[in-house]
Amino acid sequence: MTKEALNILIGGEAGQGLVTIGQVLAKVLVRAGYHIVVTQDYMSRVRGGHNTYAIRVCPQPIHSLREGVDLLIALDQETLELHRGELNPGARAIADTGLTCSEAACYNVDFNALTEGRYVNSVALGVAGALLGLDLELVDEGLKEYLGKKKPQEVLDKNRAALEAAYAHAQANHPGFAPLPPPAAPRRRMIINGNEAIALGVLAAGLKFLAFYPMTPSTSIAQTVINHAQALGVVVEQAEDEIAAINMALGASFAGAPAMITTSGGGFALMAEGVSLAGISETPLLLAVVQRPGPATGLPTRTEQADLEFVLHAGHGEFPRAILAPGSVEECFHLAAQALALAEASQGPVFILSDQYLADSYRAVEPLDLEAVEVVRAGERAIADPEAYVRYAPAADGLSPRALPGQSAALVRADSDEHTPEGLITEAAAVRLAQQTKRLAKHGLLLERTLAPVFSGPEHPELLLVGWGASQGVIAEAAAELRARGKQVATGHFRQPWPLKADQFLPRLRAARQVVMVEANATGQMARLIRRETGFEIPRLVLRYDGRPLTPEYILRALAG
Amino acid sequence: MLDIATYGEFETAWCPGCGNHNLLKAMKKALAARDLAPKDLLMVGGIGQAAKTPQYLNANAFCGLHGRSLPAATGARLANPRIKVVVNSGDGCHYGEGGNHFLAALRRNIDLTVIVHDNQVYGLTKGQASPTSLEGFVTKTQPEGVWAAPFQPLAVAVLHRVSFVARGFTGEVDHLAGLFEQALAVEGLALVDVLQPCVSFNKVNTFKWYQERVYHLDDSHDPTDFAAALAKAQEFGQRIPLGVLWRGERAPYSGHFPALATGPLHDQGVDRAALEQVLEKYF
Numbered sequence: 118m119t120k121e122a123l124n125i126l127i128g129g130e131a132g133q134g135l136v137t138i139g140q141v142l143a144k145v146l147v148r149a150g151y152h153i154v155v156t157q158d159y160m161s162r163v164r165g166g167h168n169t170y171a172i173r174v175c176p177q178p179i180h181s182l183r184e185g186v187d188l189l190i191a192l193d194q195e196t197l198e199l200h201r202g203e204l205n206p207g208a209r210a211i212a213d214t215g216l217t218c219s220e221a222a223c224y225n226v227d228f229n230a231l232t233e234g235r236y237v238n239s240v241a242l243g244v245a246g247a248l249l250g251l252d253l254e255l256v257d258e259g260l261k262e263y264l265g266k267k268k269p270q271e272v273l274d275k276n277r278a279a280l281e282a283a284y285a286h287a288q289a290n291h292p293g294f295a296p297l298p299p300p301a302a303p304r305r306r307m308i309i310n311g312n313e314a315i316a317l318g319v320l321a322a323g324l325k326f327l328a329f330y331p332m333t334p335s336t337s338i339a340q341t342v343i344n345h346a347q348a349l350g351v352v353v354e355q356a357e358d359e360i361a362a363i364n365m366a367l368g369a370s371f372a373g374a375p376a377m378i379t380t381s382g383g384g385f386a387l388m389a390e391g392v393s394l395a396g397i398s399e400t401p402l403l404l405a406v407v408q409r410p411g412p413a414t415g416l417p418t419r420t421e422q423a424d425l426e427f428v429l430h431a432g433h434g435e436f437p438r439a440i441l442a443p444g445s446v447e448e449c450f451h452l453a454a455q456a457l458a459l460a461e462a463s464q465g466p467v468f469i470l471s472d473q474y475l476a477d478s479y480r481a482v483e484p485l486d487l488e489a490v491e492v493v494r495a496g497e498r499a500i501a502d503p504e505a506y507v508r509y510a511p512a513a514d515g516l517s518p519r520a521l522p523g524q525s526a527a528l529v530r531a532d533s534d535e536h537t538p539e540g541l542i543t544e545a546a547a548v549r550l551a552q553q554t555k556r557l558a559k560h561g562l563l564l565e566r567t568l569a570p571v572f573s574g575p576e577h578p579e580l581l582l583v584g585w586g587a588s589q590g591v592i593a594e595a596a597a598e599l600r601a602r603g604k605q606v607a608t609g610h611f612r613q614p615w616p617l618k619a620d621q622f623l624p625r626l627r628a629a630r631q632v633v634m635v636e637a638n639a640t641g642q643m644a645r646l647i648r649r650e651t652g653f654e655i656p657r658l659v660l661r662y663d664g665r666p667l668t669p670e671y672i673l674r675a676l677a678g
Numbered sequence: 439m440l441d442i443a444t445y446g447e448f449e450t451a452w453c454p455g456c457g458n459h460n461l462l463k464a465m466k467k468a469l470a471a472r473d474l475a476p477k478d479l480l481m482v483g484g485i486g487q488a489a490k491t492p493q494y495l496n497a498n499a500f501c502g503l504h505g506r507s508l509p510a511a512t513g514a515r516l517a518n519p520r521i522k523v524v525v526n527s528g529d530g531c532h533y534g535e536g537g538n539h540f541l542a543a544l545r546r547n548i549d550l551t552v553i554v555h556d557n558q559v560y561g562l563t564k565g566q567a568s569p570t571s572l573e574g575f576v577t578k579t580q581p582e583g584v585w586a587a588p589f590q591p592l593a594v595a596v597l598h599r600v601s602f603v604a605r606g607f608t609g610e611v612d613h614l615a616g617l618f619e620q621a622l623a624v625e626g627l628a629l630v631d632v633l634q635p636c637v638s639f640n641k642v643n644t645f646k647w648y649q650e651r652v653y654h655l656d657d658s659h660d661p662t663d664f665a666a667a668l669a670k671a672q673e674f675g676q677r678i679p680l681g682v683l684w685r686g687e688r689a690p691y692s693g694h695f696p697a698l699a700t701g702p703l704h705d706q707g708v709d710r711a712a713l714e715q716v717l718e719k720y721f
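Chains A and B, in that order, are what the protein sequence lines are.
My numbering numbers the first residue of the first sequence as 118 and each following residue consecutively.
My numbering numbers the first residue of the second sequence as 439 and each following residue consecutively.
Careful, some of the hints might be misleading.
Taking lysine to aspartate or glutamate and the EDC-like style, the derived pairs with C-alpha atoms no more than 20 Å apart in a straight line are [claimed, not checked]:
{"hint": "1", "chain 1": "B", "residue 1": "K719", "chain 2": "A", "residue 2": "E262"}
{"hint": "2", "chain 1": "B", "residue 1": "K477", "chain 2": "A", "residue 2": "D502"}
{"hint": "3", "chain 1": "B", "residue 1": "K477", "chain 2": "A", "residue 2": "E504"}
{"hint": "4", "chain 1": "A", "residue 1": "K275", "chain 2": "A", "residue 2": "E254"}
{"hint": "5", "chain 1": "A", "residue 1": "K261", "chain 2": "B", "residue 2": "E718"}
{"hint": "6", "chain 1": "B", "residue 1": "K719", "chain 2": "A", "residue 2": "D486"}
{"hint": "7", "chain 1": "B", "residue 1": "K719", "chain 2": "A", "residue 2": "E258"}
{"hint": "8", "chain 1": "B", "residue 1": "K477", "chain 2": "A", "residue 2": "E539"}
{"hint": "9", "chain 1": "B", "residue 1": "K564", "chain 2": "A", "residue 2": "E544"}
Please keep in mind that the hints were generated in silico from the structure rather than gathered at the bench.
Next comes chain A alone, as it looks inside the complex (with noise of 0.2 Å):
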């Protein structure tokens, strides 16, 4: 199956430079024609501490990290101390000569012998480059480009000399270690991650407006379309609070922008009253919870997927809304775009949930097909008799036409307390009725467009594996390592946990002889909805919520035992 894979895992102190390996390496390994799974791990500090960052690489596609580490890069002694224990058989760990390295797998470099101390990690990523058998001109090519143009010709040159001097090292001293076979042809693909995904699905799909806080792991959201702000003429705010965020987001919104927060639970758990807000004032407005484990402040650069019934309830009242889940970083960018398109077709509050691991996975991405993403149009531009326009006119389906002030002579009025159809103040029991059922009826909407569970194998399989949003590509390579073992596995992915739609999934639930929920978080919350919203008890779940990603060895070894 996937014994060509090879695990990476470049380790050090935050501020040692093991990102740059990392992403240089990863789009080397891209660029060569291989697949790719990042998982990063990192502390909340910003110097010190130990991170890792993880590059699973395959020439056939993956979808999910996995346990062990076949080619370690130790920049500390702290990472050999922590990672010598998950080295494969076969493994090797770069190491420079100072660390205290002594096991078989050991590679020992005197990094500083080839080159000035400020260049050593060029020669870690030429010596990982040479033994996975990659071209030395790739490696260059992509170190340069990270580096940046503004970096003085000399600079580029001492990295270069860097890298040729680790190549000729290993070469000359090579510790034995198996190259990564040959990738099929490298086809152009993207190096992307989850979060960076999202922010391209939405700019594709029109976003014009967007309000945030900085907040792990969601920040890279806002930060990529900041960057690309100016060339799309996208409005981008650094708001004051999360409060604000949400508040100012639903302003622009109402003005005709589609607009969008981005956060993570805690900042979200501040948006609760404007969630409640784009509810009854029915301004479209999507929302990117990047989640993390809580409770409160709990492992902020870490990951785990509790907050689904956050955010399926969060906002005082009733009124409708979405939850799309996306499980790879292809869905991330299709998903946000039709969320955008979903949030203004509903008039209200959507949702795209991910989580650290998903926001922070780059992987190779074909091209992203442009021609399916929905371009949304704000507002009802067409308005019949703007001099007797209301902005929530009764309608069966619950929407009303919507306006945009100042775009012809219809004047809307928008409110947070109940109102007429005028957008007035009101109490009246009647208007209440009228206009709460009107509102809910929405959800009629929502629940036609709702994307069905993704199952793949038997119809009638021996154990049915499912899950949400992250987990997908971690629960497909543990079903095929199971089948590969002889057993009848299939899967089922839930990329829309809200609203469900029981014949989309039930008859293949009932079907299997056993089904799992597999989820990182405590309570097997998608577990407790399905139960909830069709009697349907999951029988098994495996759960994770130590702050660490699931793995298909974690499933493998729930189900064993």
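Here the structure of chain A is known, so what remains is to put chain B in place on it, guided by the hints.
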């Protein structure tokens, strides 16, 4: 000059004698004088009696959450540079619940006309102290009298050198209308703090109390003199100055956004060529 009737007449939820009646009158006068047609006007309010103002005239309106009128107005302004955005809310909304947003608005010098209906009490919720209640002000919820010092919004605004800082009084409708007119003409942040008696819940800062203390700033006050403006902004006791305290030179915030140069964001689609160039960077 538009006909004031354009803005309509609405039945209000305000008490007889409430300062809001005169404030609304002054606003309509100023809007008419500035030729601001209802369709080109966006009124933004939070929650409170003051925040109902957008409901009582013909205009576009976004009546949002308590304390959150400034961020909503900021978002609207940064989505549509052409529509005139006016914010109406009380001292509780702007200086209490929305205090952080008030400070951020000052830092930005965001182009909004911000009218604070400052009656030094929470009216809609029936009489609790507000951030501008004086020390010692007794209420049911502050039976020993307020212990905290009152917030000084005008001084803080002058300190941040926003475009326009003024104080008005609902007892002087024409003067107030004049201030509003000037505020509406400002690019950048125009703050008008309006003293108004709350006949139901503030028995200290009554119409008479204000009338005894207010005086008009005249030509001897130079609103471009920072030190003088800051000094005047702190004057609130036996004498309370009315008029334009400060005029600043800072740039309006929306001017920083190239995307707004060509008009409202809702008129701008996706530049496909530019998008493809963006995607290219990720190969």
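Hint by hint, here is what the structure shows:
1. The hinted pair formed by K719 of chain B and E262 of chain A meets the criterion: a straight-line CA distance of about 11 Å does not exceed 20 Å.
2. Taking the CA atoms of K477 of chain B and D502 of chain A, the gap is near 14 Å; set against the 20 Å cutoff, the hint holds.
3. A distance of roughly 10 Å separates the Cα atoms of K477 of chain B and E504 of chain A; the hinted pair therefore holds under the 20 Å criterion.
4. Taking the CA atoms of K275 of chain A and E254 of chain A, the gap is near 15 Å; set against the 20 Å cutoff, the hint holds.
5. With a C-alpha separation of about 17 Å, the suggested pair K261 of chain A and E718 of chain B falls inside the 20 Å cut-off, and the hint holds.
6. A threshold of 20 Å between alpha carbons decides the hint, and for K719 of chain B with D486 of chain A the separation of about 16 Å falls inside it, so the pair holds.
7. Distance hint between K719 of chain B and E258 of chain A is fulfilled; the C-alpha atoms sit about 15 Å from each other, no more than 20 Å.
8. With a CA separation close to 15 Å, the supplied pair K477 of chain B and E539 of chain A stays within the 20 Å bound.
9. The straight-line distance between the Cα atoms of K564 of chain B and E544 of chain A is roughly 19 Å, inside the 20 Å bound, and the hint therefore holds.
No hint from the list above goes unmet by this structure.
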